[in-house]
Amino acid sequence: MSPRPDADRAASDVRRFSPAVRWTHRATALLMGVCVLTAALLYVPALAQLVGRRALVVTVHEWTGVALPVPVLVGLGSRALRADLSLLNRFGAHDGRWLRAALRRDKRPSSRPAHKFNAGQKLYAAWAAGATLVMLGTGLMMWFTHLTPLMWRTGATFVHDWLALTLGIVLAGHIGMAMADPEARRGMRTGSVSRVWAEHEHSLWRP
Amino acid sequence: MTRPQGEMAQVDSEQPDTRGAPVGRRVLLGTLGLGAVGVLAAPVLQRGMEAFLGGAAEVDPIGVTGLLPNGGGFRYYSVTSSVPRKDADSYRLTVDGLVDRPTTYGLADLRALPQTRMVRDIQCVTGWRVPGTPMEGVRLSELLDAAGVRSSAGAVRFTCFDGAYSESLTLEQARRADVLVALRMQDEDIGHNHGGPARLYVAPMYFYKSAKWLSGITVTKDVRPGYWERRGYDVDAWVGRSNGRDDEPTT
Chain A
28 MSPRPDADRA ASDVRRFSPA VRWTHRATAL LMGVCVLTAA LLYVPALAQL
78 VGRRALVVTV HEWTGVALPV PVLVGLGSRA LRADLSLLNR FGAHDGRWLR
128 AALRRDKRPS SRPAHKFNAG QKLYAAWAAG ATLVMLGTGL MMWFTHLTPL
178 MWRTGATFVH DWLALTLGIV LAGHIGMAMA DPEARRGMRT GSVSRVWAEH
228 EHSLWRP
Chain B
50 MTRPQGEMAQ VDSEQPDTRG APVGRRVLLG TLGLGAVGVL AAPVLQRGME
100 AFLGGAAEVD PIGVTGLLPN GGGFRYYSVT SSVPRKDADS YRLTVDGLVD
150 RPTTYGLADL RALPQTRMVR DIQCVTGWRV PGTPMEGVRL SELLDAAGVR
200 SSAGAVRFTC FDGAYSESLT LEQARRADVL VALRMQDEDI GHNHGGPARL
250 YVAPMYFYKS AKWLSGITVT KDVRPGYWER RGYDVDAWVG RSNGRDDEPT
300 T
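Protein chains in written order, with the numbering used here: chain A, 28 to 234; chain B, 50 to 300.
Next up, chain A with everything else stripped away, as it sits in the complex (with noise of 0.2 Å):
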């Protein structure tokens, strides 16, 4: 299958998000990535002793982890922003057929039936939202540490720095497979995507 020479770029993209979808994306990922960031200083020593800073570096870690959910929240209001978070929830057979081909490593599109999301991307949204609302607990639980049992704060530091670790490594394979997909990044970026592209990656979706 190989791009038509078509004169008309326009011609030949399909809408993939919605300014909300897009917007919505770029306000978590600023936040997230601000999270990432401030952790990092809070937590390798190198960094630690680079910036110090130590009160204020936990203030901004703090206030951006607890703002983290409000832009998905506030694209609740978006008709588009449901749509997608319906069909990301969402799994048929085809999913199934999706993840097999992907443990055996099988990268042939025709092995890996997507619509609108892979099944990939499917699960790796639906574990971000609940890693990001479990290290949003565990760390709402050391902030204030008058709300819970001491037992829960010693296990919230725990689940807190592992999850951290776990989030910070799928993070970067996020970001990693779209450095790879500059289709994909542009998206994200302008709304559209090529056709081609769509017709390729995600076989079933009819835009």
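Some hints here could point you the wrong way.
[Unchecked claim] One side only, chain A facing chain B, incomplete, derived with CB under 10 Å:
1) R53
2) L57
3) Q76
4) V87
5) L115
6) N116
7) H121
8) A158
9) T175
10) G182
11) D188
[Unchecked claim] Some chain A residues flagged as far from chain B (calculated, every beta-carbon gap over 12 Å):
12) R42
13) A54
14) G60
15) V61
16) T86
17) T91
18) L100
19) S113
20) D122
21) G157
22) M169
23) S219
[As the list claims (entries may be wrong)] Distance windows between CB atoms, simulated:
24) L83(B) / V87(A): 25 to 35 Å
25) P234(A) / L83(B): 28 to 38 Å
26) A213(B) / P136(A): 40 to 50 Å
27) A73(A) / P180(B): 41 to 51 Å
28) G197(B) / L192(A): 45 to 55 Å
29) L81(B) / V97(A): 13 to 23 Å
30) E210(A) / N242(B): 42 to 52 Å
31) R216(A) / V168(B): 15 to 25 Å
32) L192(A) / E221(B): 56 to 66 Å
33) L89(B) / R132(A): 53 to 63 Å
Just so you know, these hints were derived from the structure itself, not from any lab.
We put the CB at the ideal spot given by N, CA and C, even for glycine.
Use these hints to put chain B onto chain A, whose structure you have.
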């Protein structure tokens, strides 16, 4: 790339994508559930993890385990952006306030005084613990006695040459035999990152009481809450009996 028509028809029948099982919701709720289980099961998980990482750290040539949670060892905390370096020539420790003989010590003066060596666990209020850490230095009570504490005094305030950190103890706490002006840690002179050349060491309390880069000891009438204590930490920071924590006591 083409695919067989039969398969195309089959996948087309799955349209639209809004009717499948709500696996996304299940994954999200499952992640939340695992998080809650993790919080409750943490004591068990943490012990296992510490044992595993403790073993791994011994055969870890590049120190990756030091970056993992509960990987063992100290973590660096500073409340300022940079801390000036002091060496044997430039370091000074002043003792003043409600005393008869205000004194200034150089590093050599402190080294010339009787040294006390203690081996205790160090417990940070954020959770990390460094077992069996040798600390060595001059008993604080010795410096207080030399300065002659007046009868009106009730507390001791500590200031640091990072320019921001401060700590305090009641006079009774400050006179304890396990409170040192520490010059050596882990049987080495205390380096800059660990608060050298001299830091406070309050063995029975959380480590934020053990102010790094100690430069001033001022005897006062009442306790003045220190840097973190003005930000919500307990002033009387006994390990296991303060800050809402139940760690095993260090003394």
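Notebook entry, point to check: Checking against the hints above, which ones are violated?
Noted result: 1, 2, 4, 16, 19, 20, 21, 22, 26, 27, 31, 32 and 33
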